[in-house]
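2 protein chains.
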Amino acid sequence: MKIIIVGATGTMGKHLSNAFEKDHEIIRVSSSGGDIQADITSLESIENLFEQVGAFDALISTAGPSYVGPWKHMTDKEFRKGIEGKLMGQVNLVLIGQRYIEPKGSFTLISGALASDPQLNFANAAAANGAIEAFVRAAAIELEDGVRINAVSPTVIEDSPQYFPYFPGEIPVSMKQLEYGFRKSVFGANTGQVIIPY
Amino acid sequence: MKIIIVGATGTMGKHLSNAFEKDHEIIRVSSSGGDIQADITSLESIENLFEQVGAFDALISTAGPSYVGPWKHMTDKEFRKGIEGKLMGQVNLVLIGQRYIEPKGSFTLISGALASDPQLNFANAAAANGAIEAFVRAAAIELEDGVRINAVSPTVIEDSPQYFPYFPGEIPVSMKQLEYGFRKSVFGANTGQVIIPY
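Chains A and B supply the protein sequences, listed in that same order. Each residue of the first sequence is one higher than the one before, starting from 14 at the first, in the numbering used here. Each residue of the second sequence is one higher than the one before, starting from 14 at the first, in the numbering used here.
Check the hints yourself; a few may be wrong.
You can't tell identical chains apart in this list, so a pair holds if it fits in one copy or across any two.
As the list claims (entries may be wrong) - 27 Å max Cα-Cα, derived DSSO-like pairs, lysine-lysine:
| hint | residue 1 | residue 2 |
| --- | --- | --- |
| 1 | Lys35 | Lys94 |
| 2 | Lys117 | Lys85 |
| 3 | Lys15 | Lys85 |
| 4 | Lys27 | Lys117 |
| 5 | Lys85 | Lys27 |
| 6 | Lys117 | Lys189 |
| 7 | Lys189 | Lys90 |
| 8 | Lys94 | Lys117 |
| 9 | Lys197 | Lys15 |
| 10 | Lys35 | Lys197 |
| 11 | Lys197 | Lys27 |
| 12 | Lys197 | Lys90 |
Derived from the structure by calculation, the hints contain no laboratory data. Note that this is a predicted model, so its numbers are computed, not measured.
Hey, can you work out the whole structure from these sequences and the hints?
Here is the structure:
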């Protein structure tokens, strides 16, 4: 399978690239580094990405910039970070990528437990996650040629201990659990699902 | 109670304005018409709105422009309609309005069943709704001075029969049910809730 991993140099993307490269052709995409550089907040950059890759079987996105910080400093400007990044960046990967994906291919986006289970400082990520989860359900009934779409929705992840203090009471998701969530989406048959890997 | 109703000249806003004006001071806000004209996609217009109204007890938003139409015509451009309108418009009403609201005041935003229960042609509204529902949960744990926030999430509404063909199998929400959903948010004590008025 030819699998595009967007956010391939991040904590999740690195793990997934390594896990899947034994059996599949992996195209590592990142804002800097990887096989192809792409900025998912730019439509032109996303078009260039798909032009370079051509037809593919699966796209995994682990790319989700959003504003993390005190509510009292949050204005429209800060909120745009998650809207342009985690939300529209991923939506545009699907809206544009659907023209290049093989029949029965799949999109797997990254959401997060904050959509239903908020923590202080993360209202922007929460909103982006909620949008992605609803988008995935809606897009699943629109995509043609058997193309599937799901989201994986972890809580704080094992290999990002710098975030642990922001998630009191959350048991971190192990990298293996996370990987299995993505495996279910990419290699399973489900669509329109929010996969909770714990 | 001094209640701002944004979208006051629309189907929902008109009903709510009429229902609540017997016992409360209603400020009707609309893009054209009403007591005050405001464009919720403009930060300046939202600031002007609150400057004119001053302190208030409750804000109800029924304003949710989004793109309705075939998936195959949906690009970034169409998707922005719901992002700027139903999502960021409502988010900014809260981010700015929190500086003007009275202690123990409330924000009630409009979401919709499409967040969890999609229909063809509505992926944009679905995403905006999902974002609003997650935002409400996240903002509820951030807002200070006892200020509350909820969303009301109807399916297609009784007085908008032009939408019935797009919602096969959905029993329309009556205007009274819708009104009661908003009553629960404005006059109740709950916060961070998605109120399903049916």
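Going through the hints against the structure:
1. Lys35 <-> Lys94: neither (35 Å within a copy, 42 Å between copies)
2. Lys117 <-> Lys85: between (45 Å within a copy, 18 Å between copies)
3. Lys15 <-> Lys85: between (44 Å within a copy, 25 Å between copies)
4. Lys27 <-> Lys117: Answer is within; shortest intra-copy Cα gap is 25 Å, inter-copy 47 Å.
5. Lys85 <-> Lys27: Close neither inside one copy (34 Å) nor across copies (33 Å); limit 27 Å.
6. Lys117 <-> Lys189: within (26 Å within a copy, 45 Å between copies)
7. Lys189 <-> Lys90: neither (36 Å within a copy, 38 Å between copies)
8. Lys94 <-> Lys117: neither (32 Å within a copy, 30 Å between copies)
9. Lys197 <-> Lys15: within (16 Å within a copy, 51 Å between copies)
10. Lys35 <-> Lys197: within (17 Å within a copy, 55 Å between copies)
11. Lys197 <-> Lys27: within (18 Å within a copy, 47 Å between copies)
12. Lys197 <-> Lys90: Cα proximity of Lys197 and Lys90: none, with 36 Å in one copy and 32 Å across.
The earlier numbered hints that this structure contradicts are 1, 5, 7, 8 and 12.
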